[in-house]
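> Take the given structure of chain A and dock chain B to it, following the hints.
Line by line, the protein sequences are chains A and B. So the first sequence is numbered by our numbering: it starts at 1 and just counts up by one. So the second sequence is numbered by our numbering: it starts at 1001 and just counts up by one.
Hints are supplied without guarantee of correctness; some may be wrong.
[Unchecked claim] Over 12 angstroms on every C-beta distance to chain B, these chain A residues come out as not near it, computed from the model:
1) Ala36
2) Ala41
3) Leu164
[What the hints assert, rightly or not] For lysine to aspartate or glutamate, the following DMTMM-like pairs were computed, each having C-alpha atoms within a straight-line distance of at most 25 angstroms:
4) B:Lys1053 / B:Glu1063
5) B:Lys1053 / A:Glu73
6) B:Lys1121 / A:Glu73
7) B:Lys1053 / A:Asp74
8) B:Lys1121 / A:Asp74
9) B:Lys1179 / B:Glu1141
10) B:Lys1053 / A:Glu88
To be clear, the hints were calculated from the coordinates, so they are not data collected in a lab. No residue lacks a Cβ here, since even glycine has one placed at the ideal position from N, Cα and C.
Each chain, written out:
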Amino acid sequence: MIVLLIRDLRLAVRSGGGFGLGLAFFLLVAVLVPLAVGPQADLHARIAAGILWLGALLSCLLSLDRIFALDHEDGSLDLLATSPIPLEGVAAVKALTHWLVTGLPLTVLAPALGVLLNLPPDGYLWLFLSLLAGTPALSVIGTFGAALTVGLKRGGLLLSLLVLPLYIPTLVFGAEVARRGAEDLAIGVPLALLLAVTMGSIALLPFASALVLRINLR
Amino acid sequence: MELRVTDLACARGGMIVLQDVCLQLRAGQALLLRGPNGAGKTTLLRTIGDLQKPITGTIDAPEDSIAYAAHQDGLKATLTVRENLQFWARIYRRHMGDVLQRMNLQVLADRPAQSLSAGQKRRLGLARLLVTGRPIWLLDEPTVSLDAASVALFGDVLRGHLADGGMALIATHIDLGIKADVLDISPFRAQHSVPQAGFEEAFL
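Next comes chain A alone, as it looks inside the complex:
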């Protein structure tokens, strides 16, 4: 399965791989929101954690439809399904690749963009940690959505509609951890719930993704 991971990472960084798409979108959100809100530094500080979380979530959403669609178009999904790798493994590797290419860079970039939004000094660490704990769930849930819509022409719209409600718990708890961290409040409960959502998704959704892939490949 490591072979598939290496191939997908290689494809992501070669031309047309879409590696920078999510990052560029995230950067745009963080740059444009202060301009739209106006010059109120205290307001920026209050909304910074939420805006950065929302930006990260939407950036993740942007590249979801590529997870299986490209492999489906060129026929490699059929061939992978008949290969010795279990389809559950394929789904897990696809989610991991999506996280490495989208979620991890967003997590690393977010504290830097916190400066643009006047994030309070206490918030940087918790913003970073909440994204680190939450973005894997975004990738795994997104992979499940991509598996549901694989084979549909222009399935991106349906994919976003399917995935958005599933993203809400992660967004609520993740942004709450970052906000409470920035305001120096206790973060135990939202962090525990965020981790629970992430670990539950990682444990269950690759199996669900493989199941719907099998149905969609028929």
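Structure of chain B alone, referenced to chain A:
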């Protein structure tokens, strides 16, 4: 080692297209599937290749013995010929060996797959079969876009595979120059294409 298909019925798009299909393939044998367009050749191959479940009937084959080659070759445009083939070799935990030479691809080895012609892509797609190391090949129109020389080359490869005790089930309209039985699947066409309403359909 043999492939045995008994009383198989398979469906496409919720409609049963073939029923009561029986066929048997022993080591070293090839079987050509014939039938007009839409007769269900691809559906039959996909069912035997375990990409979809049969409606009824059984498919007996040793575990991990089937390699399926679809209409599409599953190539990545931005990877080179060698990288594409290496990927599939590693997936099947095997070495590439001299496969590039055997499919006459060695001069193209370092070109990205997007710059290949349709026939060259097809040759690369067929080379994938050789690196799988699996004995039963399911081939869906393997010679599409191949020129006469490449068809002959693939015929040689296929004969070598059969001589090594391999098997091949081939949906094709042209002569590959191999000794093979022909199975016309038209008689197996479903009489009444009953729509299949099942849990999975409702689920989606």
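> Now look at each hint and say whether the structure bears it out.
We went through each hint and held it up to the structure:
Its beta-carbon lying about 37 angstroms from the closest one in chain B, Ala36 (chain A) satisfies the requirement of being farther than 12 angstroms from that chain. Non-interface status of Ala41 (chain A) relative to chain B is upheld: no Cβ of that chain comes within 12 angstroms, the nearest being about 45 angstroms off. In this structure Leu164 (chain A) is separated from chain B by more than 12 angstroms, as the shortest Cβ-Cβ distance comes to about 19 angstroms. Distance restraint check for Lys1053 (chain B) and Glu1063 (chain B): the Cα-Cα separation of roughly 16 angstroms lies within the 25 angstroms cut-off, and the hinted pair is therefore satisfied.
Distance restraint check for Lys1053 (chain B) and Glu73 (chain A): the Cα-Cα separation of roughly 22 angstroms lies within the 25 angstroms cut-off, and the hinted pair is therefore satisfied. Restraint check for Lys1121 (chain B) and Glu73 (chain A): satisfied, since their Cα atoms lie roughly 15 angstroms apart, inside the 25 angstroms limit. Annotation: proposed proximity of Lys1053 (chain B) to Asp74 (chain A) holds, straight-line Cα distance about 23 angstroms (limit 25 angstroms). The hinted pair formed by Lys1121 (chain B) and Asp74 (chain A) meets the criterion: a straight-line CA distance of about 12 angstroms does not exceed 25 angstroms.
Proposed proximity of Lys1179 (chain B) and Glu1141 (chain B) is supported: the alpha carbons are some 17 angstroms apart, at most 25 angstroms. Our distance criterion of 25 angstroms between C-alpha atoms is met by Lys1053 (chain B) and Glu88 (chain A), whose separation comes to about 18 angstroms.
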